[in-house]
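Visitor: Sequence:
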Amino acid sequence: MRRRGKTDVNRTDRDQRLASAFVALADTLVTDFDVLDFLGLLTEQAVALLDVDAAGVILSDQRGGWRPAAGSSEQAELVEVFAAQTVQGPCVDCVHSGVPVASVDLAADTGRWPQFAPAAVSAGFRAACAVPMRLREDIIGALTLLDTSPGAIDDASVTLGQALADVATIGILQQRALGHNEVVSEQLQAALHHRTVVEQAKGVLAETGGLDMHRAYLALRDYARAHRRRLSEVARDIATTALDARVLLTEPIDDSPRAMGSERP
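Heads up, the sequence shown is in full-length UniProt numbering, so the first residue is 1 and it goes up one at a time.
None of these hints come from the bench; they were simulated from the model. Worth double-checking, as some hints may not be accurate.
Claimed, not checked - Restraint-style ranges between C-beta atoms, simulated for each label pair:
| hint | residue 1 | residue 2 | range |
| --- | --- | --- | --- |
| 1 | 122 | 203 | 17 to 27 Å |
| 2 | 156 | 246 | 23 to 33 Å |
| 3 | 230 | 63 | 42 to 52 Å |
| 4 | 225 | 155 | 29 to 39 Å |
| 5 | 247 | 112 | 43 to 53 Å |
| 6 | 104 | 200 | 32 to 42 Å |
| 7 | 250 | 99 | 42 to 52 Å |
| 8 | 104 | 226 | 24 to 34 Å |
We treat Cβ as the ideally placed atom computed from N, Cα and C, and that holds for glycine.
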């Protein structure tokens, strides 16, 4: 049963947008595969398609830990940072158990997650559900769906969120077959290293353009896509001043939902 205050979506329209989301994700599975851009698109599609306000991803660091990799907003990224720092929260429990983990009211879940829950509430979220990014025994991360209102995230959104996470997992693990001599663990480790460079570039863009961190990310992402370059490469150029931040910021920022080019349901 859907929560009060949520807008019902025509099933045919949702199915069409879901199909388009899978096509958009599949389109990124090319030879020049960029894990960070792919995961960023995953969180965008989750928010555009599902009955949630934000989404984030954590990935395995291949050393037994988990690190934030993508978020649909600055607040969503903060939640993933809180989870990684405190080793608490739905996403951490999810990657350890391999099954979805939910909270219908984070404000009431301080017993489960004494450090994470208050931090997530302070970031503006009251409900969460994490679904595993797994293929058989391989668990590489989790996709967390977040909402600003308390109440269970509806079953349809969780099911579709799991489907998106499954597609993302298959896409990343497929690189084991296509990625020449590079194994998945090395790819994920490289992606997390590149994430650090992306954060540095976001900081430069935010300071230069007077932007918040999420709009700085959108500017970086849009420039990389427009110039058919890897997100991490453009970020490195900004961080090392090989590319002038002011030049990048002269291009328009597209902050509209990517799924079907329509507004969130």
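Visitor: Each hint should be assessed against the structure and marked as holding or not.
Guide: Going down the list of hints, with the structure as the test:
no.	hint	verdict
1	122 to 203: 17 to 27 Å	22 Å, holds
2	156 to 246: 23 to 33 Å	45 Å, violated
3	230 to 63: 42 to 52 Å	24 Å, violated
4	225 to 155: 29 to 39 Å	34 Å, holds
5	247 to 112: 43 to 53 Å	47 Å, holds
6	104 to 200: 32 to 42 Å	37 Å, holds
7	250 to 99: 42 to 52 Å	47 Å, holds
8	104 to 226: 24 to 34 Å	41 Å, violated
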